[in-house]
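Model the full structure from these sequences, guided by the hints.
2 protein chains.
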Amino acid sequence: MNNLISNTPQPPYYAVIFTSQRTPGDRGYAYTAGRLAELARTMPGFLGAESVRDEHGAGITVSYWQSEANMRHWLEQAEHAAARQLGNSVWYEDFSVRVARVERAYGKNRPG
Amino acid sequence: MNNLISNTPQPPYYAVIFTSQRTPGDRGYAYTAGRLAELARTMPGFLGAESVRDEHGAGITVSYWQSEANMRHWLEQAEHAAARQLGNSVWYEDFSVRVARVERAYGKNRPG
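Here the protein sequences come in this chain order: A and B. Heads up, the first sequence stops at 112 in the numbering used here, and the numbers go up one at a time, no gaps. Heads up, the second sequence stops at 112 in the numbering used here, and the numbers go up one at a time, no gaps.
If you are wondering where the hints come from, they were derived from the structure by calculation, not from laboratory data. Possibly wrong hints are sitting among the right ones.
In this list, chains with the same sequence are indistinguishable; a pair is considered to hold if it fits within one copy or across any two.
Below, in silico cross-link-like pairs of lysine to any residue (SDA-like), each with a Cα-Cα straight-line distance of 20 Å or less [to be verified]: (1) Lys108 x Ser67; (2) Lys108 x Gln85; (3) Lys108 x Glu76; (4) Lys108 x Glu38; (5) Lys108 x Ser6; (6) Lys108 x Pro11; (7) Lys108 x Ala78; (8) Lys108 x Gln77; (9) Lys108 x Gly57; (10) Lys108 x Gln66; (11) Lys108 x Ala69; (12) Lys108 x Gly45; (13) Lys108 x Thr42; (14) Lys108 x Pro44; (15) Lys108 x Glu68; (16) Lys108 x Met43; (17) Lys108 x Arg27; (18) Lys108 x Phe46; (19) Lys108 x Val97; (20) Lys108 x Leu39; (21) Lys108 x Arg41; (22) Lys108 x Glu93; (23) Lys108 x Thr23.
What follows is the structure, given as structure tokens:
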């Protein structure tokens with residue numbers, strides 16, 4: 001076991017799937033990413049987040065939320081932040097955001 | 001632009017979020033992962049897949065499907081394959097599968 005996989009409750013709950021390709025160089029990204037991860041943990045309905053980025057700058061982050069309202073609150077907060085503008089213009093060559101309702105979940109040592 | 005992000009249609013559609021921590025060593029993993037990726041592309045309703053694994057063996061793969069039936073068909077096929085057994089017993093220290101209905105999507109150069 002490790003801390004990659006979020007210990008989410010029984011579905012239903014909500015997920016934000018954020019897929020992104022970083023531009024070269026840091027340019028403040030690591031600092032802001034850390035701050036946003038801290039902020040997410042303080043938001044109502046936050047259930048966890050899973051994040052992987054490879055050595056070529058390709059990344060997928062999935063955050064989990066108890067309700068659609070919790071998820072929307074987070075997205076609206078994030079969208080309004082300067083971080084989003086910098087993400088669009090500086091940090092990401094490309095990105096996609098998908099919001100989804102998790103309907104079923106299972107895994108190793110986690111029968112569905 | 002690059003080929004990380006799947007060019008999915010307007011929602012709704014379905015997503016399988018597979019988060020995993022690899023065990024050390026290959027032990028046939030790369031070959032089988034490539035075969036399964038090829039198989040997915042031939043399945044009815046396959047819309048695309050996004051996959052990232054970092055240098056520590058942490059990975060997230062999200063595959064997208066037109067309908068719940070298409071997604072279930074893929075999962076049932078995969079579950080029945082020997083690959084799933086090997087994944088559980090040999091390749092993955094830990095994993096989680098979440099199936100979700102994508103309700104909204106947007107991104108860079110992809111207004112939602």
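So, going through the hints one by one against the coordinates:
no. : hint           : result
1   : Lys108 x Ser67 : neither (25 Å within a copy, 25 Å between copies)
2   : Lys108 x Gln85 : between (38 Å within a copy, 11 Å between copies)
3   : Lys108 x Glu76 : between (34 Å within a copy, 17 Å between copies)
4   : Lys108 x Glu38 : neither (28 Å within a copy, 24 Å between copies)
5   : Lys108 x Ser6  : within (13 Å within a copy, 27 Å between copies)
6   : Lys108 x Pro11 : within (17 Å within a copy, 30 Å between copies)
7   : Lys108 x Ala78 : between (32 Å within a copy, 15 Å between copies)
8   : Lys108 x Gln77 : between (34 Å within a copy, 18 Å between copies)
9   : Lys108 x Gly57 : between (28 Å within a copy, 16 Å between copies)
10  : Lys108 x Gln66 : neither (22 Å within a copy, 26 Å between copies)
11  : Lys108 x Ala69 : neither (30 Å within a copy, 24 Å between copies)
12  : Lys108 x Gly45 : neither (25 Å within a copy, 27 Å between copies)
13  : Lys108 x Thr42 : neither (28 Å within a copy, 27 Å between copies)
14  : Lys108 x Pro44 : neither (28 Å within a copy, 27 Å between copies)
15  : Lys108 x Glu68 : neither (27 Å within a copy, 23 Å between copies)
16  : Lys108 x Met43 : neither (28 Å within a copy, 25 Å between copies)
17  : Lys108 x Arg27 : between (38 Å within a copy, 19 Å between copies)
18  : Lys108 x Phe46 : neither (23 Å within a copy, 25 Å between copies)
19  : Lys108 x Val97 : between (27 Å within a copy, 9 Å between copies)
20  : Lys108 x Leu39 : neither (29 Å within a copy, 23 Å between copies)
21  : Lys108 x Arg41 : neither (25 Å within a copy, 25 Å between copies)
22  : Lys108 x Glu93 : between (34 Å within a copy, 8 Å between copies)
23  : Lys108 x Thr23 : between (35 Å within a copy, 13 Å between copies)
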